[in-house]
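Kindly generate the complete structure, drawing on both the sequences and the hints.
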Amino acid sequence: MKPDKALIFELSRPGRAAYSLPECDVPELCADSVIPAGLLRAKPAELPEVYEVDVIRHYTELSRRNFGVDNGFYPLGSCTMKYNPKLNEDVARFPGFAKLHPYQPESSVQGALELLHTLQSDLAALTGMDGVTLQPAAGAHGEWTGLMLIRAYHESRGERRTKVIVPDSSHGTNPASAAVAGFETVTLKSDERGMVDLEALKAAVGDDTAALMLTNPSTLGLFEERIVEIADIVHEAGGLLYYDGANSNAIMGIARPGDMGFDVVHLNLHKTMSTPHGGGGPGAGPVGVKSKLLPFLPVPTVGRRADGAYFWDGDRPQSIGRVKAYCGNFGILVRAYAYIRTYGPEGLRRVSECAVLNANYMMRRLAPYYDVAFPGVCKHEFVLSGKRLKAFGVRTLDVAKRLLDFGYHPPTIYFPLNVEESMMIEPTETESKETLDAFIDAMIRIAEEAETDPQLVLNAPYTTVVKRLDEATAARKPVLNCSCG
Amino acid sequence: MSEIREGLAYSREHEWAEKRGERIVRVGITDYAQSLLGDIVFVELPEPGTQVSAGDSVGSIESVKTVSELYSPVGGTVTAVNESLVDSPELVNGEPYDSGWMIEVELGGDAEEAFKGLLTAEGYREHLA
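First to last, the protein sequences are chains A and B. Residue 555 in my numbering sits at position 73 of the first sequence; the count goes up by one each step and never skips. Residue 80 in my numbering sits at position 66 of the second sequence; the count goes up by one each step and never skips.
Bear in mind the hints are in silico, worked out from the structure with no lab data behind them. Among the clues, some could well be false.
The following residues of chain A were derived to be distant from chain B, with all beta-carbon distances above 10 Å [as the list claims (entries may be wrong)]:
#, residue
1, Glu596
2, Thr644
3, Leu670
4, Glu718
5, Gly743
6, Arg847
7, Val854
8, Phe888
9, Thr912
10, Leu938
11, Pro943
12, Ala954
13, Ala957
Label pairs and their computed distance ranges (CB to CB) [to be verified]:
#, chain 1, residue 1, chain 2, residue 2, range
14, B, Gly123, A, His717, 37 to 47 Å
15, B, Glu17, A, Glu674, 22 to 32 Å
16, A, Glu681, B, Gln65, 27 to 37 Å
17, A, Ala956, B, Ser16, 23 to 33 Å
Remember, it's a predicted structure, so these values are computed and weren't measured experimentally. Beta carbons: idealized from backbone N, C-alpha and C, even for Gly.
Structure (structure tokens):
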């Protein structure tokens, strides 16, 4: 095995060390004199013994294999993998933000509290809501928090509502969040245009309906045109409307969930508002609510006294409680604040306009070569079908693998499920026309290769560290440990 | 082109049902369904003895692309499941109508009634068109 593919454990040599510790200047204690024997390991941990330079080279090499927005175009539909301005990284690292302790007295963290208070009102204004909690740490955490708020609201009215309705075009985490929050999910099929089927919705709602969860624009990149009628149907049945903000990059400053009739909304700050996304966090999924749900918000929120001072407001007797330690992931909230303040209302509107324009431009240019799944204008993302390539034995998976050779992260594939051989492309607003054109040209070339030299596409990728993986065997007979040595 | 086997009954959700004897119906997914799912890596089936109604979800089929539900096209009691799919889920890709079968159901009601809502091979062909 070449050294650059070795595990750090395989580089280990007995006795090799990166650093020699200075002589201990405090009395040495044996571990077993201070820790109960049952809690001590019997033999030393098998940590790799390596030089400092081995560590640096090994991890630098691994980091170069990463693909991120900072090294290339990443049009992963439904994920909003956009460029995050480095300015906001600087702001989040200001010592006045980065070196605070959450238990500092309020009087010594007025600036940070003001930032949180302003962000609460900015997000409420952007979504058309009456109050916001900044605690949830991610989108799905926001969904769960929102559903717990909905449950608390119904229970406070003496109603027991057990069902959450989820369209089949909704964000994939919705049914999972509903299940974790203790609800039964009811799936609603989309109509042939990819919209919520109003008749099916009317048949599905009842006095056991707690909420309808909806992403608008939907995961298909389509705006639910009849959203007000949808809201009326759910409200008339006594249910509430939950807005999944996964796709809010398409509507900032243009449309507000609160005006559409939604009662609860979460936003993914790590998608839309300047936090690098895709490495597993940290994220932030603030939740906004209409006034009737304010009594149930998690405590504390940030309040402001008559004298102008900011404080942790824990006075909310009907609160569902705390959903995250302290105030949420503060560094992410700082980035979002800096992002909103940098752009301002007009700038945020331009962000969404350009995200939608870029998606429509790409969709139009690719339409002669791939099938556009839904006609008309799309929002910030669009769905193509690779079904016409099946005639040459080439599938969407092969197109995705071939894109790696051109230096792109592939789009989302095989989602949404209701489109055959689907590809879901979200360019975001942060890419230049040249980048969009280069990606489009690669997609067109792959469509041509599929026809003239399908084997070339079927064997891709050629330029990556590992070539085509056998995904079926990996899933059927997974090997989950590494035998080193 | 996907195979649609003559003599079987089909659901719109891409299951097939085959009458085996008076009361027993064998159920699987169609060739079209397996080709859409791609390489199948895991099949979760119900316990024998489970009561099902027509259209109920009775298990799930996981492929490299997605997880999809298995619906029983008929109602009754599950009497047998294809244990060989536990170790060899690829049988569903290779022989969806034969060794890739999924469950057997003993009909709860009238046999003719149970098949009434299902499609013929011809009807399923039109459904796919």
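Here is how each hint holds up against the structure:
For A/Glu596, the requirement that its beta carbon stay farther than 10 Å from each beta carbon of chain B is met, with the minimum near 46 Å. No Cβ of chain B approaches the Cβ of A/Thr644 within 10 Å, the least distance being about 18 Å, so the stated non-interface status holds. The beta carbon of A/Leu670 is kept farther than 10 Å from every beta carbon of chain B, the shortest such distance being approximately 15 Å. Distance check on A/Glu718: its Cβ is at least 28 Å (rounded) from any Cβ of chain B, clearing the 10 Å threshold; non-interface status holds.
Listed as outside the interface, A/Gly743 is consistent with that label: its C-beta sits roughly 31 Å from the nearest C-beta of chain B, beyond the 10 Å cut-off. For A/Arg847, the condition that its CB be more than 10 Å from all CB atoms of chain B holds, with the nearest at approximately 27 Å. Taking the minimum C-beta to C-beta distance to chain B, about 20 Å, the non-interface status of A/Val854 holds against the 10 Å cut. Against the 10 Å criterion, A/Phe888 stays outside the reach of chain B, whose nearest CB is about 23 Å from its own CB.
Its beta-carbon lying about 29 Å from the closest one in chain B, A/Thr912 satisfies the requirement of being farther than 10 Å from that chain. With a minimum CB-CB distance of about 21 Å to chain B, A/Leu938 clears the 10 Å threshold, and the non-interface call stands. Look at A/Pro943: its CB is around 17 Å from the nearest CB on chain B, clear of 10 Å, so calling it non-interface holds up. For A/Ala954, the requirement that its beta carbon stay farther than 10 Å from each beta carbon of chain B is not met, with the minimum near 3 Å.
Not every beta carbon of chain B lies more than 10 Å from that of A/Ala957, the smallest distance being close to 4 Å; the non-interface claim is violated. Between B/Gly123 and A/His717 the beta carbon distance is about 40 Å. The supplied range of 37 to 47 Å therefore holds. About 27 Å separates the C-beta atoms of B/Glu17 and A/Glu674, a value consistent with the hinted range of 22 to 32 Å. For the pair A/Glu681 and B/Gln65, the supplied restraint of 27 to 37 Å holds, since their beta-carbon distance comes to about 31 Å.
Checked against the hint of 23 to 33 Å, the C-beta distance between A/Ala956 and B/Ser16 comes to roughly 26 Å, which is consistent with it.
In this structure, the earlier hints numbered 12, 13 are contradicted, and the remaining ones agree with it.
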